[in-house]
Amino acid sequence: MNSSNERLPRLLALVPYLLTRPGIRVEEAAADFGVTPKQLRRDLELLWMCGLPGYGPGDLIDLSFEGETITVSFDAGMSRPLRLTAAEATALLVALRALADTPGVVDTDAVQRAVAKIESAVGEAQQPGVVVGLAVREAEETAEIRDAVQDAVRRRRAVRIRYYSLSRDEITERAVDPMRLLLVEGRSYLEAWCRAADGVRLFRLDRIDRAEVLDEAAAPPSHATPTDTSSGLFRPDPSQQTAVLVLEPDARWVAEYYPVDQLTELDGGRARVLMRYADTSWMVRLLLGLGGEVRVEQPPELAAEVVRRARAGLARAESLAALR
Amino acid sequence: MATARAERLVNLVLCLLSTRQYLTAERIRAIVPGYADAPTDEAFFRMFERDKSELRDLGVPLETGRTNPFDVAEGYRIARRDYELGDIDLEPDEAAAVALAARLWDSPELTGAVHGALIKLRAAGVDVDQDTSVAVEPRVRTSEPAFPPLLAAVQAGQAVVFDYRRPAPVEVRTRTVEPWGVVAYRGRWYLVGHDRDRDAPRCFRLSRVVGGVRTVGKRGEVRSPEGIDLMSFVARTEFAATPPAPARVWVARDRAQGLRRRAVVVGERVVGGEPGDLLEIELRFPDSAAKWLAGFGPDVVVLEPDVLAKAVGERLLGALRPASGTEGSEVGA
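From first to last, the protein sequence lines stand for chains A and B. Add 35 to a position in the first sequence, counting from 1, and you land on the number used in the numbering used here. Add 45 to a position in the second sequence, counting from 1, and you land on the number used in the numbering used here.
No lab work stands behind these hints: they were computed from the structure. A portion of the hints provided could be inaccurate.
Facing chain B, from chain A, some residues (calculated, C-beta under 8 Å) [as the list claims (entries may be wrong)]:
id, residue
1, V70
2, P72
3, P92
4, F109
5, V166
6, G234
7, L237
8, G327
9, A347
Here are the simulated distance ranges between beta carbons [to be verified]:
id, chain 1, residue 1, chain 2, residue 2, range
10, B, P350, A, P294, 31 to 41 Å
11, B, D82, A, P294, 51 to 61 Å
12, A, I206, B, R243, 31 to 41 Å
Computed, partial: chain A to chain B, Cβ under 8 Å [what the hints assert, rightly or not]:
id, residue
13, P51
14, E220
15, A253
16, A352
Please read these numbers as outputs of a predicted model, since none were measured by experiment. Quick reminder that beta carbons are idealized off the backbone N, C-alpha and C, glycines included.
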């Protein structure tokens with residue numbers, strides 16, 4: 036929706052908005068509508084010219100400005116906002132229901148009350164056609180970690196975690212300053228300032244093996260900025276390498292599961308993709324697991340490493356079989 | 046929107062809200078400022094048609110009818126009770142929930158709609174502070190290209206046609222589906238609906254839709270079955286639970302940490318000069334276990350069950366010989 040399409044809905048909402056907030060400051064109103072104070076003033080000037088048939092002094096919308104504040108003295112019959120459209124109601128109610136169905140995110144009781152009130156204000160309770168489940172597949176031990184981490188976020192305490200890094204297949208202990216818990220694409224993450232890495236990191240909850248809430252305030256530095264999740268969690272980085280892979284049909288899930296660039300359809304249902312990766316050992320593990328369902332075209336060192344590890348794996352299995 | 050047009054539309058809304066009589070187009074032309082500028086009848090009707098459809102798109106309930114049966118032309122009015130948002134009063138904790146819900150979407154379609162909803166709620170006197178900080182922040186993305194057209198089709202109650210790629214056996218087929226809903230489950234989007242070709246309810250992953258989505262048939266033609274629980278349908282169809290399976294493995298000393306954290310050490314053994322441990326593990330996802338274990342290469346050897354050991358061996362052998370074909374040729378190239 037572009038800005039010109041947003042003007043009419045805003046104009047229709049402005050008078051009722053001001054009616055419920057006599058003497059509100061222009062800046063505050065502008066912020067609530069997501070426009071500049073200058074644009075808001077233009078809107079108000081326009082509304083001032085509108086009113087009821089007759090269009091005499093007593094028929095027009097009347098606004099009084101006092102310094103930086105506005106008050107409506109005549110609303111010309113526009114005292115309530117327009118109903119929510121089906122799309123607006125859906126977007127809001129689906130999100131609320133998703134929160135209501137997910138314990139531990141917010142007070143689900145408050146969410147359910149909000150849903151009921153909005154449904155009754157909107158009118159008919161409609162079948163939304165969109166359902167969002169935020170719940171994640173979570174093991175019992177992760178539930179305990181979640182409790183500890185959530186407690187740390189709420190009380191703003193630092194945490195010492197024992198963390199399994201999948202990319203390096205390594206377990207490390209580190210002290211972190213929690214910022215928030217994120218639920219993205221069906222997984223939960225602790226977003227925290229990692230003191231060892233000197234940066235903001237996302238820790239997947241099911242990879243935290245132990246979490247000890249410290250008796251120490253969480254103190255992320257002021258320049259620690261929350262991760263922008265709008266384009267996914269895996270972001271391109273110049274330090275990453277790129278592999279060119281040909282995926283057999285059985286391995287097509289790789290392109291759905293991991294972010295890939297440039298997917299080219301090949302014959303027989305195969306696809307060629309460019310895939311970025313930060314850590315070679317992780318990529319080698321993925322490719323070994325896909326054995327036979329993928330071909331590494333680039334880089335040659337990666338292809339050679341996969342072959343070397345596969346050979347070594349087969350040889351080891353043989354020597355173990357010989358022991359039996 | 047140009048000031049003149051915005052002003053005319055606001056005046057039109059105010060005028061139609063204030064009348065109980067149906068006002069004919071001619072009458073509206075005479076009283077609402079702005080229409081007098083139309084030089085010809087044709088220009089006026091064009092202008093008025095555009096304005097009506099703009100208002101209807103915004104959800105303004107324009108009624109048409111005749112005030113008394115002898116009137117020649119139909120007129121227009123807006124019934125206040127259909128126009129106005131009902132009373133709504135949210136407690137602070139409810140408003141906080143709304144603020145959090147409004148931030149849920151990382152999606153152009155839904156973010157815009159939620160923004161529109163918030164403006165109206167604020168205009169109804171509700172204070173929604175969007176900067177409230179919360180401990181848990183859920184986010185939902187709708188990056189699949191098929192999402193906007195499928196959502197629109199669900200909301201319009203209209204059947205859709207699209208190409209769909211099945212993983213096994215691999216095939217791309219054109220499907221005609223009566224869409225009941227789109228569902229986000231465990232981080233993925235699904236379409237649930239009645240598959241006309243199979244004549245049965247089906248679940249489709251949006252990421253497997255190939256190319257565009259077309260609508261067929263009339264709007265409002267599709268109705269989802271009474272009381273269907275879309276989420277459980279996806280859960281049942283896509284995530285049939287498999288019981289965990291036990292396995293015994295050998296793991297090189299200090300290697301394969303990802304496996305060790307889920308396993309119990311039951312002994313030690315030197316294999317080919319390499320010291321290592323014997324581990325027992327409950328494999329939670331037996332289907333993908335061979336892939337996972339093969340990934341560790343020489344660091345992990347499966348002892349039991351035999352079928353798993355063979356599956357891992359096959360993966361490693363597969364990694365030695367390049368996948369079928371020598372060069373991939375592009376389709377249509």
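Exercise for review: Return the status of the interface hint for A/V70: holds when the least beta-carbon distance to chain B is below 8 Å, violated otherwise.
Suggested key: At 11 Å from the nearest chain B Cβ, A/V70 fails the 8 Å test, so the hint is violated.
Review point. Holds or violated: is the Cβ of A/A347 closer than 8 Å to a Cβ in chain B?
Key: This interface hint holds because 4 Å falls under the 8 Å limit.
Point to revise | Minimum beta-carbon distance criterion (8 Å), A/V166 to chain B | key: Holds, about 5 Å.
Check your understanding: Hint check: is the beta carbon of A/L237 less than 8 Å from a beta carbon of chain B?
Key -> violated (12 Å)
Check your understanding: Quick one, is the A/P51 hint okay against chain B at 8 Å, beta carbons?
Key -> holds (4 Å)
**Study point:** Status of the hint placing A/A253 at chain B (closest C-beta pair under 8 Å)
**Key:** violated (12 Å)
**Study point:** Hint check, A/G234 versus chain B [nearest Cβ-Cβ separation less than 8 Å]
**Key:** Because about 19 Å separates A/G234 from the closest Cβ in chain B, which is outside the 8 Å limit, the hint is violated.
Practice item. Can you let me know if the beta-carbon spacing of A/I206 and B/R243 is within 31 to 41 Å? Key: violated (47 Å)
Practice item. Against chain B, run the beta carbon of A/G327 and see if the smallest gap drops under 8 Å. Key: holds (2 Å)
Point to revise | A/E220 as an interface hint toward chain B, with CB separation required under 8 Å | key: Hint holds; A/E220 Cβ to chain B Cβ min 4 Å, cut 8 Å.
Exercise for review: Classify the hint on A/F109 as holds or violated, based on whether any CB of chain B lies nearer than 8 Å to its CB.
Suggested key: violated (11 Å)
Exercise for review: Grab the minimum C-beta distance from A/A352 to chain B and call the hint holds if it beats 8 Å, violated otherwise.
Suggested key: Given a least distance of 5 Å, the restraint on A/A352 holds.
Hint compliance for this structure: hints 1, 2, 3, 4, 6, 7, 12 and 15 are not met, and every other hint is.
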